[in-house]
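J.: Sequence:
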Amino acid sequence: MKRANQKYTILYGRLSQEDEREGESNSIQNQRLMLEKYAADNGFENILFLSDDGYSGTNFNRPAWKELMKMVENDEVATIIVKDMSRLGRDYLLVGQYTEMIFPSYGVRFIAVNNNVDSLYGDNDFTPFVNLFNDFYAKDTSRKIRAVVKSKAERGERVATRAPYGYKKDENNPKSKIVPDEDATPVVQRIFSLCVGGKGPTQIAKQLNKEQVFSPGYYYYSKTGVLLTNVDVTRPYTWNNTMVAKILEDEVYIGHTISLQYTTLSYKNKKRIDRPKSEHLRFENTHEPLITKETWDIVQDIRKRRRRRANMAEQDMFSGLVRCIDCGEKMVLHRAHTMAAVKNNFMCSTYRKRGKEKCSAHYLREVHLAAIVLDDLLRVTHFARQREALFIQYINRKNNAETRREIERLQRELELMRRRDTELSTLFKRLYEDNVLGKVTNEQFRMLSGDYNAEQKSLKERIPQIAERIEELQDSISNVTRFIDKAKRYTEINELSGELLNVFIEKIEIGERAERYSRTAEQEIIIHYRDIGVVGAFAEEAEKIAEQRQRQTA
1 MKRANQKYTI LYGRLSQEDE REGESNSIQN QRLMLEKYAA DNGFENILFL
51 SDDGYSGTNF NRPAWKELMK MVENDEVATI IVKDMSRLGR DYLLVGQYTE
101 MIFPSYGVRF IAVNNNVDSL YGDNDFTPFV NLFNDFYAKD TSRKIRAVVK
151 SKAERGERVA TRAPYGYKKD ENNPKSKIVP DEDATPVVQR IFSLCVGGKG
201 PTQIAKQLNK EQVFSPGYYY YSKTGVLLTN VDVTRPYTWN NTMVAKILED
251 EVYIGHTISL QYTTLSYKNK KRIDRPKSEH LRFENTHEPL ITKETWDIVQ
301 DIRKRRRRRA NMAEQDMFSG LVRCIDCGEK MVLHRAHTMA AVKNNFMCST
351 YRKRGKEKCS AHYLREVHLA AIVLDDLLRV THFARQREAL FIQYINRKNN
401 AETRREIERL QRELELMRRR DTELSTLFKR LYEDNVLGKV TNEQFRMLSG
451 DYNAEQKSLK ERIPQIAERI EELQDSISNV TRFIDKAKRY TEINELSGEL
501 LNVFIEKIEI GERAERYSRT AEQEIIIHYR DIGVVGAFAE EAEKIAEQRQ
551 RQTA
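If you read the sequence shown in full-length UniProt numbering, its first letter stands for residue 1, the second for the next number, and so on.
No wet-lab data here; the hints were simulated from the structure.
Per label pair, the in silico range of CB-to-CB distance:
hint: 1; residue 1: 459; residue 2: 537; range: 38 to 46 Å
hint: 2; residue 1: 48; residue 2: 285; range: 51 to 59 Å
hint: 3; residue 1: 294; residue 2: 494; range: 16 to 24 Å
hint: 4; residue 1: 226; residue 2: 342; range: 49 to 57 Å
hint: 5; residue 1: 400; residue 2: 275; range: 33 to 41 Å
hint: 6; residue 1: 120; residue 2: 183; range: 52 to 60 Å
hint: 7; residue 1: 536; residue 2: 155; range: 44 to 52 Å
Cβ atoms here follow ideal geometry from the backbone N, Cα and C, with glycine treated the same way.
Let the hints inform the model, and build the full structure from the sequences given.
T.: Next up, the structure:
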């Protein structure tokens, strides 16, 4: 018990993950036993033991340490005793600041037992060297750990200390393998399902909070008892749009491992910074996925549209899907707040922003578009289910030729871009040499190098985009069976929904009416289906294919 007006003697212990690997000698329990014996042998009273388990010596943002320093500032501490200087910390400058400035200013006696340091008897000439060695040890350990982590990552092993939300560590191989967490997996799957259904990260977060689903940080705390940074145990339902977006964009949920995405500034500054994507290591099919590749592709396509949520109660189910056939820009939905909902209409965003000189309105009522899309979707999915073999032959005949032409065009464009990128590097090198030799003035060098750099930067952004598009087109050639599978899953289609549109439709292009402002004039509407592209009026073509097949079998 603390006596009246008598200050505490604090026994402080610390153990990092690196210390723990070296054996039992530095365990929290061993530190406590040693310090309590020392305190008893030397007549110290009002003992209080505080410890930080699992915290690096370069990190002074430790719970027990912060509690200790608060007590020091409140003039409640007489003496601080540690096993050795490294238990206090391994940052040479900060340790020196505490022992030489902060503790003396509050009249606190400091003792490091194994280093024979006791501030009551004045400075120890070797203490700065001990602190410097501890700092060096932390730096060397950090370097070795980084090397080990990099080596494991290059072998495709997991290097994260915690399993991502939705997974847990495999009991048979906890250091390298993860398996689905039966409690959190349904939440992850539902997040993706809600996104496919048309909800954005903010809406999904609000729904999870409303349904009182534990946030990832609190869920981890409920399972392990470990409290992560910035987790408030009094508020278990704190989902936000950032948490949801992170899940929606993490390839771990389709069974892939992405390593070396982040690093820290140094062994002293643990602030996390993003690595360039070129430094990421990607390994496919390393563990069981929680969602299908089909769902992943749909969600990524939705995310790429970067849909801005309208300031309205209902989300536009066509959001991001409708495009102007002439300028290629998005069609925006104008809600008729003062009229009936049937008056809601789509309008070209270029026309709305820049006027009729740049593009025309391409006006179309939302209800009319919904009716057209629903009718075509029913027609195409019925054909896919009822005449499967014929549908496959029709789509492959139509798409293969178109897709291959597009692939060839993009490959030529990609080759020209790569060649130009190499040329620019050579030109820049020559320009630099000419500037050094005086053949080009500094002003000319700045102007030309600026142009070259801008062009090369643009190329380096476009080249991977073109390469990715080529890969998508090559994959799409054989995706007709995937479309048929979806058609068989969605057999009861009575009305359109955000989910149906995102599952089946890639984009919808709206043309201008043949006679502007006429309600009866024809208006071109092209529906691009996922996996199979534009289907078109296939009845006549399908019959030709059927007749050919009959003649071949006759």
